[in-house]
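As they're listed, the protein sequences go chains A and B. The numbering of the first sequence is the working numbering, which starts it at 1 and goes up by one. The numbering of the second sequence is the working numbering, which starts it at 1 and goes up by one.
In short, the hints are calculated from the structure, not lab data. Possibly wrong hints are sitting among the right ones.
Which residues of chain A face chain B? A few of them, derived with a C-beta cut under 8 Å, are [claimed, not checked]:
no., residue
1, S9
2, T10
3, A11
4, L14
5, T22
6, D35
7, L37
A virtual CB, placed ideally from N, CA and C, is assigned to each residue, including glycine.
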Amino acid sequence: MNNFLKYLSTAPVLLTAWLGLTSTFIMFINFVYPDPLTFPVL
Amino acid sequence: MIEKSVSFVFTKAKTNIFFLFASLYFLISPIQEANAAFQNLVPCQESPTFQKRLNTSVKKLENRLKLYTPDSKEAKFLNREIEATKNRFARYGSTNLLCGKEGLPRIIASGQWDHANEFVIPGILFLYITGWIGWVGRKYVRYASQTENPFENEIIINVPIALSIMNSGFLWPVEAWKEFTNGDLLASDDDVTVSPR
Chain A
1 MNNFLKYLST
11 APVLLTAWLG
21 LTSTFIMFIN
31 FVYPDPLTFP
41 VL
Chain B
1 MIEKSVSFVF
11 TKAKTNIFFL
21 FASLYFLISP
31 IQEANAAFQN
41 LVPCQESPTF
51 QKRLNTSVKK
61 LENRLKLYTP
71 DSKEAKFLNR
81 EIEATKNRFA
91 RYGSTNLLCG
101 KEGLPRIIAS
111 GQWDHANEFV
121 IPGILFLYIT
131 GWIGWVGRKY
141 VRYASQTENP
151 FENEIIINVP
161 IALSIMNSGF
171 LWPVEAWKEF
181 TNGDLLASDD
191 DVTVSPR
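Please work from the sequences and hints to get the whole structure.
Following this line, the structure appears as structure tokens:
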């Protein structure tokens, strides 16, 4: 188990997971608030 | 010797007179102020070509909509597209955006406050986010260099430590300033290798 967790902590695995999370986040923001051109006036 | 000093004084006087006249010229002459009112641009709401673009886009989508039955998923998708197009144009029109002759909005990046939403605020937000990322990365690398196997800790990340460092990055401007004033931010000149000269 420890070795498996160590494998999951390697740079390529973490990079894939992190980029996947970031892209999902950006797609969700664009789904909720599409076509942002300027900063919204709050 | 006397002729030298006389000629020196004479050239100094000429320079002074030149600067006096140059400054008087620039003070008195009618130089027009640079006006950042953008005469070639109109607010997008008032631009007829901007409206035309909206109508053309919606018309194209409505033409495609005619090819499908009303309850199909293609029709639902196209209806959502039509709504999104109308909302987009309404949003661009209701903010302070300026459009050119062809009806497309412009981002005014000159820093003036009435167009701050277009460049200044997103720019500051961008710098804050990228600064967070960079600062946190630097912190982890510095932590890794203190461990007993820095090479391994840089390719097999210590995830709990990395996550706690990532969460602490929101105050990075303060931390960076503190390190700068302590002399800890920058490497000393002795540590920087320079090619032989």
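Here's how the hints hold up against the structure:
For S9/A, the shortest C-beta to C-beta distance to chain B is roughly 5 Å, which falls under 8 Å, so the interface hint holds. Hint status for T10/A: holds, given a least beta-carbon distance of 5 Å to chain B, under 8 Å. The beta carbon of A11/A comes within 5 Å of a beta carbon in chain B, closer than 8 Å, and the hint placing it at the interface holds. Given hint, L14/A at the interface with chain B, holds; its Cβ is 6 Å from that chain's nearest Cβ, closer than 8 Å.
With its C-beta approaching chain B no nearer than about 11 Å, T22/A sits outside the 8 Å limit, and its interface hint is violated. At about 4 Å, the closest approach between the beta carbon of D35/A and any beta carbon in chain B falls short of 8 Å, and the interface hint on this residue holds. Look at L37/A: its Cβ gets to within about 6 Å of chain B, closer than 8 Å, so that hint holds up.
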